[in-house]
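Full structure from sequences and hints, please.
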Amino acid sequence: MTNEALQSLISSWIPDLEFSEEESQFLNITVTPEHLHQLMKDLKTNKETSFDYLFCLSGVDWQPELGVVYHLESTTHRHMLVVKVKTADRENPTIDSVCDIWKTAEFHEREVFDFFGITFNNHPNLKRLFLTEEWEGFPLRKDYEDEINMVIK
Amino acid sequence: METTAVKSNFKSEEYFINMGPQHPATHGVLRLLLTIDGEIIKKVEPDLGYIHRSIEKMCERDSYQQIVHLTDRMDYLSSHINNEAVCLTVENALQLEIPDRVQVIRTILSELTRIASHCLWWGVMGMDVGALTTYFYGFRDREMINDIFEETCGARLTMNYNIPGGLMFDIHPNFVKRTKEFITHFKTKLPEYDTLLTGNIIFQKRTKGVGILSKEDAISFGASGPVGRASGYSCDVRKHHPYSAYDRVTFNEALKTEGDTFARYQVRIQEMWESMAIIEQLIDNIPEGEHKVATNAVIKLPKGEFYQKVETARGELGVYIISTGTKNPYRVKFRSPGFSNLSLLNHIAVGGKIGDLVASMATLDLVIPDIDR
Amino acid sequence: MNISLSITETIQDWLITMMPEGVASILAMTLVALIYLAIFAVAGLYLVLLERKVAAWFQLRIGPNRVGYWGLFQTMADALKLVSKELTGTVKADKFLYNLAPYFVIISSLMALAVFPFTQEFQAFDINIGIFFLIAISSIGVIGILLGGWSSNNKFALIGAMRSGVQTISYELSVGLSLLTMIVITGTLQLSEIVEVQKHGWLILQGHVPAIIAFMVYMIAGTAETNRAPFDMVEAESELGAGFHTEYSGMKFAYFFLAEFINMFIIAAIATTVFFGAWLSPFGITESLPWLGIFWFLGKTLLLVFLMMWFRWTFPRLRVDQLLTLEWKYLLPINLVNIVIMAIIVWLNLTIKF
Amino acid sequence: MSYFSDIYNGIKTLLTGMSVTGKYFLTSRKGAITQQYPDNRDTLKMFERFRGEVVMPHDENNEHQCTGCQKCELACPNGSIEIIWDRGIDEATGKKKKFIDKHVYHLGLCTMCGLCIEACPTDAIVWAQNYENSTYDRTQLTKVLNRPGSKVKAGVED
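Residue numbers (our numbering), protein chains in the order written: chain C, -9 to 143; chain U, 72 to 444; chain L, 24 to 377; chain W, 1106 to 1263.
Hints were generated in silico from the structure; no laboratory data involved.
Treat each hint with caution, since some may be false.
[Said to hold, decoys possible] List of simulated lysine-lysine pairs, DSSO-like, C-alpha gap at most 30 Å:
id	chain 1	residue 1	chain 2	residue 2
1	U	K258	W	K1150
2	W	K1128	L	K76
3	U	K251	U	K113
4	U	K258	W	K1128
5	W	K1128	W	K1201
6	U	K286	U	K276
7	U	K363	U	K251
8	U	K251	W	K1128
9	C	K117	U	K128
10	U	K251	C	K37
11	U	K327	C	K37
12	C	K132	U	K374
13	U	K260	W	K1128
14	U	K251	W	K1258
15	U	K363	C	K74
16	L	K108	L	K118
17	L	K76	U	K260
18	U	K113	U	K286
19	U	K128	U	K374
This is the structure we're talking about:
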């Protein structure tokens, strides 16, 4: 499906989605955390979209919002899509987990939790993946400071 | 060999065992927390981060030229392909026209890297199932590729030969000759791999029907590279999203449908043949021309988000760069193939024996710095 | 009366001329034991060197070549290093059993050496149940492995030890039965008499087809019995690290290591004695020089040792359940049928004799 | 019947495997792929592009080509190059000009990426092909590349 067709199809499912194709080679959808899980489930299960391959899940600190970017691909239709979700709460950011939709999300979400401190609801095993349990702070956030280990140029 | 649960009055107890971080089968500093009942594996929980260097954070303070050499240190067995991924992202963002010569040379080097990586994997695979001699035969052939790299790029492993805009310097005059020598040599040696290990009945018993991964699970777990292709999931980035010179060569995507350890083994052996075919198509007609196009000394990417996927020896590597228009990237994310492939280890190892875990882990071909980044 | 003059009697006769009979026999036994200990400690070390050299040649390497000419003193230096190393142990280990285990293993393998007829004269202990003694002794070693694995309080070691128990109990059966097949021909368990029978052709020729099958089964089971690749479930370095001797260091580790190589020698030596006529030369070409028997014996043994090394450096390791499948589904039934065939052949007098 | 064909095929595959290793065993005399490393130092030659360490070549007049432009320092990702420079007066023209006091190179931090040598506009620094870089003391890994008393070659700046 072309980006336009995708946009018209997906916009009919859930209101208040933001679509954008600027500054990116993919179609970007920005969704609120409340609608994320519903949208993702539809994207996977709908026959026309069938985004069954989550190939990248990255946490991003947009300052001040924190967010997660999902790169999706369909292995049958070979079209790609980017879904972005942002939350303004830096103290206790929470986003629904997509583990039940794509199993690969389990490790990727643990990584995001580890480095950005975003908590994923309904995640089966949400604990730190790379860092030790007693590590303070979330290193990939932009406001993280560590005078000993970080060399700033 | 299927194991049927024996009901008995004996009380059996599960216990934990720490496989790694210093264990011969984990190929590095991966730690697996195994829950075992006798010899049967109940749960595998990887514990990562023993060599995490936070390359993604380091990239945020580096310029775009400097990022490239960090990717050498991720998946060090396919360092050239990693470099290429970053360079392609930057070049696509700048919309640079890359000379044909550069693209062909990059492709040849990528395929050599893939063969070298698979040679090492083959040796280690044999070692993991107990045949120690394979290691040396694999290394013998890999050494020849490393010599080619050293002569042209100046280093054997962390080459850093790519720069945004092309190659750091032109290929060495001996490059073509040596590559051809290697191809003729390897064509006689690769069948030996089959006679020594593939056909061996013990090896087949150890690998067939072990660690089965279905196609649906492979896609859901984000498996890529030989792991995905062994499950019948066509995921070769070189076919579906061709980059560099892959659109001008013909090769077959090695596909198997069994999804077991032996299928993953066969896919990799098949890939070595395909890589040789690709090199043979390109090596005789490397176009003349410049080895790089001029870029600004300080590269500034336009504001936006850029994603590039390439096929490394382990699978799909994605480079995701968010730029705000300055000379440093705002956020760099590497989607490493090993990380996704590791996440399915628990799925394929449960119910098998310790020996099965080792065999399936060998065919996942994990490189720990790639996972830990 | 014995055909072969045993070495013990020679020394004893010599000592009796100097002292009372009781003292002489005890002294003779001690002397012989010390001679054997010295010879086979050194021989074990050279077997290690041989293994390393052979492995190197299989693997396109050169092998040890620094210590002494051609690396001849490499393993001596290694042994010296191991003697000087600290004996570490785990905190919660069962100290007594932990320390006892290596001696169990090394003593059981050294004891087995006593009965071999290296030449007509060189045999310490010509017992009339020789083969039986060998089978019995060689299964004691596994107790040492089990003790070592259990007492060192390490889960990898425990898994290794348990695998070893399973493996040895199973493969003992095949070793015993394949030797029994040959005893059907010889009709005796005494090793010197088994050699005597072979003066009319080595047993592998006398027994032809069933003997060859028995030999193959014996070599497979024997390799498994020594816990060597492709049956090294016990150590399985890619699975268990070092298996049952994970927690051993220094000389105690060296005992395990040495025992493995002496066991390999023993398995090959039994095969030489039972299948290939021990010290007998082919077609009796050196019959007039009986002392040359030692070369024939060692030559044949080392050839079989080389075969086992060839197995080790070529084959992948079996999985633990496949190991048992091989024994109980393949080797054991073949063996049982083979005994019957052999019995029929002997009964119908179809053996080949020269 | 498949029971016996299994055994037969099994033994056959094992023997073919043994033939491969056996072949290498017999040809082992000429086939060794390992090197006798410390013994072959004299004959061991690195490729000319091999990245051993960064050096600054000097000619017979003790002159180098470094103008102190600091491009290598900027290009280095790890901060392994530090240039301590000064301003002086060019004797020929009488103008003020920049010259290097010390070109400090931390080999311990270097990742051999080659960006500094790419960046150098005057080819003042090049790769050396030595491969034995280990020392007993970490401070020895910090090197000053320009020799004492050396100065920049005339005409390099132009």
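Hints the structure fails to honour
When the structure is compared with the hints, numbers 3, 5, 10, 14 and 15 turn out to be violated.
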